[in-house]
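S.K.: Below are the chains, spelled out letter by letter.
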Amino acid sequence: GAVVSQHPSRVICKSGTSVKIECRSLDFQATTMFWYRQFPKKSLMLMATSNEGSKATYEQGVEKDKFLINHASLTLSTLTVTSAHPEDSSFYICSARQMRRSAYEQYFGPGTRLTVT
Amino acid sequence: QQQVKQSPQSLIVQKGGISIINCAYENTAFDYFPWYQQFPGKGPALLIAIRPDVSEKKEGRFTISFNKSAKQFSLHIMDSQPGDSATYFCAASMREGNKLVFGAGTILRVKS
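Heads up: the sequence lines are chains A and B, in that order. Counting with our numbering, you get residues 1 to 117 for the letters of the first sequence. Counting with our numbering, you get residues 1001 to 1112 for the letters of the second sequence.
Bear in mind the hints are in silico, worked out from the structure with no lab data behind them. Note that the structure is predicted; figures quoted are calculated from it, not measured. Check the hints yourself; a few may be wrong.
Capping the alpha-carbon separation at 30 Å, the derived lysine-lysine pairs in BS3-like fashion look like this [to be verified]:
#1 A:Lys-42 - B:Lys-1042
#2 A:Lys-66 - B:Lys-1015
#3 A:Lys-14 - B:Lys-1005
#4 B:Lys-1057 - A:Lys-20
#5 B:Lys-1068 - A:Lys-20
#6 A:Lys-64 - B:Lys-1099
#7 A:Lys-14 - B:Lys-1042
#8 A:Lys-55 - B:Lys-1057
#9 B:Lys-1058 - A:Lys-66
#10 A:Lys-42 - B:Lys-1058
#11 B:Lys-1042 - B:Lys-1005
#12 B:Lys-1111 - A:Lys-66
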């Protein structure tokens, strides 16, 4: 149980275009999902918290108009990188929160490698 | 106050040895402390987690030791195997929000 998938696993796009990344909880419902960014050999940086049916909450310094998040159902959250630039190239990872043993635990997707040329 | 400090940055252990990774935090409101394992190009996988009401939790070869007064917690990997070679992250969160604050990570290499 607690499987989270991401699609695509890798994407290359041209500068100025937009890219959508999907995050799905496959065997559970997730009212809350999180989006992280990870640079090579670095830790995970939380970008935003995605709540089903409401607006995402962005961390300080993250441009909400650039990183659009939509959590339209209990199993799907999407991150759209708008007008992508080479500096947006990174490893994007989502996680989904599931209640287990009277507490929430976070389960991560496999990540999406974005390269902007 | 939101930081979680992790050490060492990298660690080399002989097969069969014990790997020990340490983390320290400042925010006493943190009440959930998970450890994640990440292989290159993959997402982190939850290994084991602990809450402040216990001082130790063991699952298989993995043990978390928690010292509430010192605001420190550590991961011990017993009988380390080459397959354990990965990056390990400690994290902390407050139950209500569940936003995780991650440590910087430790690259573990187990030599066969």
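S.K.: Compare the structure with each hint and give your call.
M.R.: For each hint, the structure was consulted:
Proposed proximity of Lys-42 (chain A) and Lys-1042 (chain B) is supported: the alpha carbons are some 13 Å apart, at most 30 Å. Distance hint between Lys-66 (chain A) and Lys-1015 (chain B) is unfulfilled; the C-alpha atoms sit about 46 Å from each other, more than 30 Å. Between the alpha carbons of Lys-14 (chain A) and Lys-1005 (chain B) the distance comes to roughly 37 Å, so the proposed pair goes past 30 Å and is violated. With a CA separation close to 40 Å, the supplied pair Lys-1057 (chain B) and Lys-20 (chain A) exceeds the 30 Å bound.
For the suggested pair Lys-1068 (chain B) and Lys-20 (chain A), the alpha carbons sit about 42 Å apart, so the restraint of at most 30 Å is broken. The hinted pair formed by Lys-64 (chain A) and Lys-1099 (chain B) meets the criterion: a straight-line CA distance of about 18 Å does not exceed 30 Å. Between Lys-14 (chain A) and Lys-1042 (chain B), the direct Cα distance comes to roughly 24 Å. Compliance with the 30 Å bound is thereby established for this hinted pair. In summary, the hint linking Lys-55 (chain A) to Lys-1057 (chain B) is not supported, as the alpha carbons are separated by about 37 Å, beyond the 30 Å threshold.
Distance restraint check for Lys-1058 (chain B) and Lys-66 (chain A): the Cα-Cα separation of roughly 43 Å exceeds the 30 Å cut-off, and the hinted pair is therefore not satisfied. The straight-line distance between the Cα atoms of Lys-42 (chain A) and Lys-1058 (chain B) is roughly 27 Å, inside the 30 Å bound, and the hint therefore holds. For the proposed pair Lys-1042 (chain B) and Lys-1005 (chain B), the alpha carbon gap of about 23 Å is at most 30 Å, so the pair holds. Distance restraint check for Lys-1111 (chain B) and Lys-66 (chain A): the Cα-Cα separation of roughly 44 Å exceeds the 30 Å cut-off, and the hinted pair is therefore not satisfied.
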